[in-house]
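Q: Chain by chain, the residues run as shown.
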Amino acid sequence: MEYFLQQLINGVTLGSIYGLIAIGYTMVYGIIGMINFAHGEIFMIGSFIALAVFLGLAALGITFLPLVLLIMVIVAMICTAAWGWTIERVAYRPLRGSFRLAPLITAIGMSIFLQNFVQVTQGARVKPLPPQIQGGLILMDSHDGIVVQISWMQIIIIVMTVVLMTAFSLIISKTSLGRQQRACEQDRKMASLLGVNVDRTISLTFVMGASLAAVAGMMYLLYYGVIDFYIGFIAGVKAFTAAVLGGIGSLPGAMLGGLAIGLIETFWSGYFSVEYKDVAAFSILAIVLIFLPSGLLGRPEVEKV
Amino acid sequence: MLKQNRNWSADPVLSVEHLTMRFGGLVAVDDLSFDVGRGDITALIGPNGAGKTTVFNCVTGFYKPTEGRIALRRDGSVTPEALAELTRSGRQYAEGDKGSIFLLERMADFKITEVAGVARTFQNIRLFGGMTVLENLLVAQHNELMRASGYTIGGLLGLPGYRRAAEAAKETAVEWLRRVNLLDRADDPAADLPYGAQRRLEIARALCTNPVLLCLDEPAAGLNPRESAELNTLLKYIRDDHGVSVLLIEHDMGVVMEISDHIIVLDYGKKISDGTAPEVRSDPKVIAAYLGVDDEEVEDVERDLEVKPAPTRAEGDAR
Amino acid sequence: MADITQSASANRPEGAERLSEDRREAMRGEPPFVEAPAEDSRLVRALKEAGITAGLIAVLTFFFFFMKTDIAVGGLSLTVDPWTWFVAIAITFVGRFLLTFFVFAGERPAVGGWKKIAAATAGWPIGKVVGAVLLFVALTLPFLLTIFLPSQDRYLLDLAILILTYVMLGWGLNIVVGLAGLLDLGYVAFYAVGAYSFALLATNFDLGFWVCLPMAGLFAALWGVMLGFPVLRLRGDYLAIVTLAFGEIIRVVLLNWYTFTGGPNGILGIPKPTLFGLEFSRGKGSFSDFFGIEYSSIQRFIFLYYIILALALLTNFVTMRMRKLPVGRAWEALREDEIACRSLGINTTNVKLTAFATGAMFGGFAGSFFATRQGFISPESFTFIESAIILAIVVLGGLGSQLGVVIASVVMIGGIELLRNLTGLQAIFGTGFDPTQYRMLIFGLAMVLIMVWKPRGLVSTRSPSAIYKEKKAIGADLVAQGEGH
Chain Y
1 MEYFLQQLIN GVTLGSIYGL IAIGYTMVYG IIGMINFAHG EIFMIGSFIA LAVFLGLAAL
61 GITFLPLVLL IMVIVAMICT AAWGWTIERV AYRPLRGSFR LAPLITAIGM SIFLQNFVQV
121 TQGARVKPLP PQIQGGLILM DSHDGIVVQI SWMQIIIIVM TVVLMTAFSL IISKTSLGRQ
181 QRACEQDRKM ASLLGVNVDR TISLTFVMGA SLAAVAGMMY LLYYGVIDFY IGFIAGVKAF
241 TAAVLGGIGS LPGAMLGGLA IGLIETFWSG YFSVEYKDVA AFSILAIVLI FLPSGLLGRP
301 EVEKV
Chain S
1001 MLKQNRNWSA DPVLSVEHLT MRFGGLVAVD DLSFDVGRGD ITALIGPNGA GKTTVFNCVT
1061 GFYKPTEGRI ALRRDGSVTP EALAELTRSG RQYAEGDKGS IFLLERMADF KITEVAGVAR
1121 TFQNIRLFGG MTVLENLLVA QHNELMRASG YTIGGLLGLP GYRRAAEAAK ETAVEWLRRV
1181 NLLDRADDPA ADLPYGAQRR LEIARALCTN PVLLCLDEPA AGLNPRESAE LNTLLKYIRD
1241 DHGVSVLLIE HDMGVVMEIS DHIIVLDYGK KISDGTAPEV RSDPKVIAAY LGVDDEEVED
1301 VERDLEVKPA PTRAEGDAR
Chain W
2001 MADITQSASA NRPEGAERLS EDRREAMRGE PPFVEAPAED SRLVRALKEA GITAGLIAVL
2061 TFFFFFMKTD IAVGGLSLTV DPWTWFVAIA ITFVGRFLLT FFVFAGERPA VGGWKKIAAA
2121 TAGWPIGKVV GAVLLFVALT LPFLLTIFLP SQDRYLLDLA ILILTYVMLG WGLNIVVGLA
2181 GLLDLGYVAF YAVGAYSFAL LATNFDLGFW VCLPMAGLFA ALWGVMLGFP VLRLRGDYLA
2241 IVTLAFGEII RVVLLNWYTF TGGPNGILGI PKPTLFGLEF SRGKGSFSDF FGIEYSSIQR
2301 FIFLYYIILA LALLTNFVTM RMRKLPVGRA WEALREDEIA CRSLGINTTN VKLTAFATGA
2361 MFGGFAGSFF ATRQGFISPE SFTFIESAII LAIVVLGGLG SQLGVVIASV VMIGGIELLR
2421 NLTGLQAIFG TGFDPTQYRM LIFGLAMVLI MVWKPRGLVS TRSPSAIYKE KKAIGADLVA
2481 QGEGH
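Chains as they are written, first to last, in the working numbering: chain Y, 1 to 305; chain S, 1001 to 1319; chain W, 2001 to 2485.
Just chain Y, same shape as in the assembly (with noise of 0.2 Å):
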């Protein structure tokens, strides 16, 4: 039981990890329909954004924590979302509108150049980053001597995720810009006729997807302390798998798959074996698709005859 219990909170952990990225994912698809393949990359990317501050940061004398976090998530949030605006610029823009599997191609392309720019840049072996922030709350004390524990990184990492989702579900449900974002998933055509700005609309997408990414990396950075230039492509499958298994184009979908790919990691790799467990996500996300084929929470699919 407590055993069950330590591995569920490191699964919700792991699983609001891969949320943040999918949000990401499904966001895209949901506006382009497209798999924006270098979105793994981009939360790659903000976890060496927000290494590079921290150390920056350090080296500059800076070392209150708080306020580093702060400095650290700010910044990491706002040059990832300028890669992100710059990718789409770049490569998925010139090809809107054309051949749907075109930008799959840019994409995959985007995404081996980002790794190795990394790998280029910033060397490829692994960065290791000391825990920063250790302790935290003892739930349950068995008298056998297992501890169920929860950090405060894992509650600062729930606890982020839970107002990130909030806030960007008030975003898309409440302002003019998720009016327009839903808008042009319905019909672009239709809602640049009515004037909305379509080219800003998708590029704003692209800028909150990164942006969470961003917070999503600077976690992992933070949460597991090894970062490398690879780390981009495992998160990204499977913050694509949660997204799929969720129901791409849903923003709670991308959350609950975040969630259950998490803890079907955790829960496999500790009652199982840890070598399988990436089997078991994707088997997992296999099975559902077989029976729900527009995921848990997808719109089915209805077909027009």
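These are computed hints drawn from the structure, not numbers from a lab. Note that the coordinates shown come from a computational prediction; the quantities given were computed from them, not determined experimentally. Just so you know, nobody snuck in bad clues.
Short, incomplete list of chain W residues facing chain Y, as computed with Cβ under 7 Å:
hint, residue
1, F2064
2, M2067
3, R2233
4, L2234
5, D2237
6, V2242
7, A2245
8, M2440
9, L2441
10, L2445
11, V2448
12, P2455
13, R2456
The list that follows gives simulated cross-link-like pairs (lysine-lysine, DSS-like), each with its CA atoms no further than 27 Å apart:
hint, chain 1, residue 1, chain 2, residue 2
14, S, K1170, W, K2469
15, S, K1064, S, K1270
16, W, K2324, S, K1111
Pairwise CB distance ranges (calculated):
hint, chain 1, residue 1, chain 2, residue 2, range
17, W, V2129, S, D1184, 23 to 31 Å
18, W, V2137, Y, V274, 48 to 56 Å
19, W, F2260, Y, L8, 33 to 41 Å
20, W, I2071, Y, W152, 25 to 33 Å
21, Y, M1, W, W2257, 31 to 39 Å
22, Y, V274, S, T1087, 55 to 63 Å
23, W, R2042, Y, Q134, 54 to 62 Å
24, W, V2129, S, G1049, 56 to 64 Å
Glycine is no exception: its CB is placed at the ideal position from the N, C-alpha and C atoms.
Could you slot chains S and W onto chain Y? The hints should help.
A: Below, chains S and W alone, put in the same frame as chain Y:
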């Protein structure tokens, strides 16, 4: 103009019985029964949203009906006992010496075309746009060619059996292209054809599957009067020279009244009239529900007939 | 009840009218978010745009060029390298300025020129000519190399073998993606199944290359069907992610099933192919001994080259033949419109499965060849990036085009491989410059650029599979893209 009267009850090729189709809470087709006579042109008409296309989709297997039986008699005389026997047996179809019966509601969509011999066209034309006109017609002969090619193996080895079959298929295609007046466009991509030609090509493609029953979903939609007239000629030719029964949905009353041997009128998923063109044309229920009359007249008709009030439609619908 | 429906229907035209009026109203004025047309002169505009771009690059690369994180004793250290950063900004500024000032100055962007060239050459019957020339070169390549480039023949022949492997993989995937229109992101799984079946059969049962090859192909085809079954119902991007997932599952299993696959160590000692039992080695019973010629290691390369050429040509022959058979036509029809296929009595399940199986079989052949060429395989060779490269070759070449796959393979694989040799660049960038490091960087960039330049791929017309009178190429804009594109 009309063939023998009441052919549909004497020798039906298709019998739809108690067909009901629900989508969630919406009842699109409600306990509908009708027969389609062999060698007839049967029109299914009714206002927008009356459930015509749903009936089509049930007949061609794209939807599985909630309730009801759809029986196709491929040839000859089939006794009601044989039909009842087949229904009880749980099998999809029975092929015998006296005739074959197919229970379409039990069959997968492609099986209905392949085995039972029902072909269809779509309201929003569905051609293989990036393939040439000729290729479109060859795709329609897939199953026959597949067998001839020894399920690809013989074809890969270039066996003569397949080559002969391929030639024959091409000839069939060319024959139909000549008939629908598209032979000069045979090597053009289908998406390049003008709208009317695309409609004709879709009909030709459906006919290449060698059907006994051809279902056409609004074949005259978007055609100009000359093209509509050509369509009439084509449909009559299909009926008279190929013995194919035709079931069509149509809004163009000119086409419907001129060529139909039998008309079934639907409204709100229910059959409100069934008969020959003159019968239907003079049926007050049809006039009230479908053709659109003034409010006063509706009231008059209602008083006369004591039927439940039917809504009027915008004049444009009746065309 | 009559009243309600009546009033509703009476309202309808009004509502629609109002809507269209609104629309007209909206279209009459300037759309709200469009900025006022710029009045700047060309120079000012160019400067402005160059400034913006340079600023963007400054932000983007600040944490990558300016700041470098390094592993130091006791953690991480930060080194600052302002020069690279400044140079990058300066290059961007100048580059963008020149582009805007000279190229984009006219109303039309430079792409227009490319489009014109593409349009002008569209009608030429170059496909056949290029194909014939390429075939001739491919058939005589080993001899051409020994005659013209004897110093580098082994390296170039090896490169040619690599390119041909990708050509074959591209042709195999082209069946699934290009013809049947099913987006498969896990094609490498079949490559891996082929390679591992071959390696396991050859090392465990001591079977020769020519026995294992068809078996490996069949195994891969079987896997194609097995993986194809669950994904039949899926559409579009769902199909893509599940195929990707299958590719990863197979790789993870290969990596962790130590007893069977050797885990990360892979399988060693895979036998080399023989020519009717003649080995390509020194000593008795070898190829050189039998024919009484002097042994040279190049003989083995030439032999391998002809094997992969033959396999690739077989793939091409079978695919071209199948396109003209009902099954191939059904693949293309499936890509165009699945519902119409079903309405014509085509069992789309079977059509999809045959596409998966046929594509997988050729992937399996290519995998077998890969295993025998390397003599060693490990899961590392079968990562997602391989799937991505193969898919990129198919799409860059032009979906469904056999010739396009060849051109894309030569450009992408050959071109990138040749970058290794650009040691001359060390003279410019200093001796620390290692061109191989930038190989994949340029590969990724090239993918983006080629796609933006030609979104439909290099060869984008479809040639019909049956002709009545004259053969007309079909423009790419008419050809559908199938599921998930």
